[in-house]
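Can you join these two chains into the complex? Each is in its own frame, and there are hints to help.
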Amino acid sequence: MKRLFIIILLLGIIPAAMAQTMRKATAAESKSMIQKINSMAASIKTISCSFTQEKSMSMLNDKMTSRGVMYYTNAGKLRWEYTSPYSYIFVINNNKVTMKSGNKKSTVDMSSNKLFQAIARIMVSSVTGKSLSNSRDFDVTMYCYEQHWTAHLVPKEANMKKMFKYIRLFFNTSHTMVFKVEIVEKNGDTTTIRLKNIETNKQINNSKFSVN
Amino acid sequence: MLCVALLAQAGECDYLMHVDSAHLTHYRVQLQARNASLDGVCAIKLIDGSIKGVVVNDFGIKAFAFIISPDRKKVKLQDVIHMLDHWYIKRVIKNDLKLLFNATTSNISNQDKKTKIEILDDGTIKMTNSKYHIQYLFTLAPETEQEEPENQNDEPQLIIEDETTE
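Protein sequences appear in the order of chains A and B. The opening residue of the first sequence carries number 1242 in my numbering; numbering runs sequentially from there. The opening residue of the second sequence carries number 2 in my numbering; numbering runs sequentially from there.
FYI, nobody ran anything at the bench for these hints, they're computed from the structure. Just so you know, nobody snuck in bad clues.
No more than 30 Å apart at the CA atoms, straight line, and that leaves these computed lysine-lysine pairs for BS3-like:
| # | chain 1 | residue 1 | chain 2 | residue 2 |
| --- | --- | --- | --- | --- |
| 1 | B | 127 | A | 1304 |
| 2 | A | 1346 | B | 127 |
| 3 | B | 127 | B | 77 |
| 4 | A | 1402 | A | 1265 |
| 5 | B | 91 | A | 1403 |
| 6 | A | 1403 | B | 95 |
| 7 | A | 1427 | B | 74 |
| 8 | A | 1304 | A | 1397 |
| 9 | A | 1345 | B | 91 |
| 10 | B | 127 | B | 114 |
| 11 | A | 1341 | B | 132 |
| 12 | B | 91 | A | 1397 |
| 13 | B | 95 | A | 1304 |
| 14 | A | 1341 | B | 127 |
| 15 | A | 1427 | B | 77 |
| 16 | A | 1437 | A | 1272 |
| 17 | A | 1397 | A | 1371 |
| 18 | A | 1402 | B | 95 |
| 19 | A | 1403 | B | 77 |
| 20 | A | 1403 | B | 99 |
| 21 | A | 1346 | B | 95 |
| 22 | B | 115 | B | 77 |
| 23 | A | 1265 | A | 1421 |
| 24 | A | 1437 | A | 1337 |
Only chain B is shown next, with the shape it has when bound in the complex (with noise of 0.2 Å):
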């Protein structure tokens, strides 16, 4: 029993996208596509043996969120940005969002052949989705200190000056 809990342990920490259940893990994200692109974060943890996340562009403007299952076997997409929101797409994304998260040091070399997995040089994901000529770029974004807690109710310092603009 000991052995298999440790062998499921190594498993856990082989799989290339790193997720954690005390924090968020926060990835950058670049998606490119042949008509459109996406820079922004993706942020995911581990919940209840699932793993959770949320990407959303640089103004913070969910394109979606997604839930995988503990066996990584299943992913269901929800909250999914107008633009994205065809079920093509939607098709496309869970297939790709799966072999992510299902790829691990060990198999990256044996990865489907319309999409590769690749590590660069300064550790960022690369996966390219061959067939629909979408490439995603994930980096490890680091830790950010914990936030002071904001006091909802500060009014905030205005300074007016009169000075000669431009």
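Bound-form chain A, shown alone (with noise of 0.2 Å):
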């Protein structure tokens, strides 16, 4: 009985202990950790990573796991590849998008497609975290965490906000540099993105910019 009344105190204890990890920041808190993070995004020329994408489904009870590797260079470059379970490129490079899956390759005009635009400046800013500070696509909130900030944003956007209820970037404390996107739908269903063996300003060859 003793045993039995001491788990139940250490369940009620352990969710009230662990949320008590998570906390808003503070105004001033909030503009200094945005200050620290500009000041790092500031100071990265490239970043080349690999990640991990979960995608939980509630509908299925199960998630898809997809693999891929990142390149991203300050002059507005970006490689995003998915290498498994299948390949799909998306590419940024001299304000136009290419895109390859499978065999098929097309290539879109940012400059003349305001979704790509959005896309291009949403993945850059997540990768990054960059543009936190007066975001025109999201209302942003920070969290301290223990070891980490969390970004919290939530769409301005109309067709956004039918699509996503918030994305939350989080930063590593001691880096500034984000580690992890998680994208939350409407209906709960979460996408995870973990980014992983992150190199900054480390030299890039072109023709990763570039689709063959």
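As structure tokens, then:
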């Protein structure tokens, strides 16, 4: 009976203790965090990393996992490539988006396509953490955890609101760099992207930003 | 009774779209319409007799989810992305899904004239809705290895170098 009482007590305490680790940042803290993130983002010339993407699907009570690599330069070039379980390449270069799925390749001019402009802007912002202040796409709230910060992004634009409840960017407090992106849909299904083996300011061959 | 069960089982195996109750079945999907296209994945599973599926684009953004009744006569769409969330588009998608999931190796040649289903050399299922000019390609994706569970608290390894870029 005593043991049962202790278990019940622990079950009550553990969630409460976990909840305490997350705290909404004060206005001054938010400003300081965003300044540090922007400062780090400004010092980054290139990023290369691998990633895993896990999508939970509540209706199927299952998840889909894919893996890939990412390359970014502050000249506005980005390569987002899925390598497993299938190949898909998305490259932003010279104001053009090139996509390759299997043998099918297509290119879109971003200057004439607002949707792709928004996609590119959000992808780059999500990876670098840029534009957290005065974001035109999201209302941003910062949270503090013990070992990381979180930017909680609620979409402003009507169509984005229909798709996503919110997006969370997780920053490592020591490097002020994004290491995880969580995209939560209206029905609660979540896509989690974990960036791994992150290397910054390492030379990236230009060929990474073209698609054959 | 046993005969009925065996016949029912034989019928299940005859369907073109493979669906399993134990695992997710993944199909690569290419949808081509007049002014739009979608490349992504269709994940399906048999749950309590119903076929449940989710179609996501290559970035994992959900286009729509669907539920097909155990008798395969009713199709319900949910979580439809705003671009497709119009009654006339949903009606076409529902009708096409119904045809697709009712297509068997034996009835493939007797399909609706407006919607033709064929199997390409690589096993891809091609469905062409000539009335609305929509083409669907479903290619069975190879089974992926069981993923190792991720450590949620893993801090990423960060290497900062200062080499000259390009």
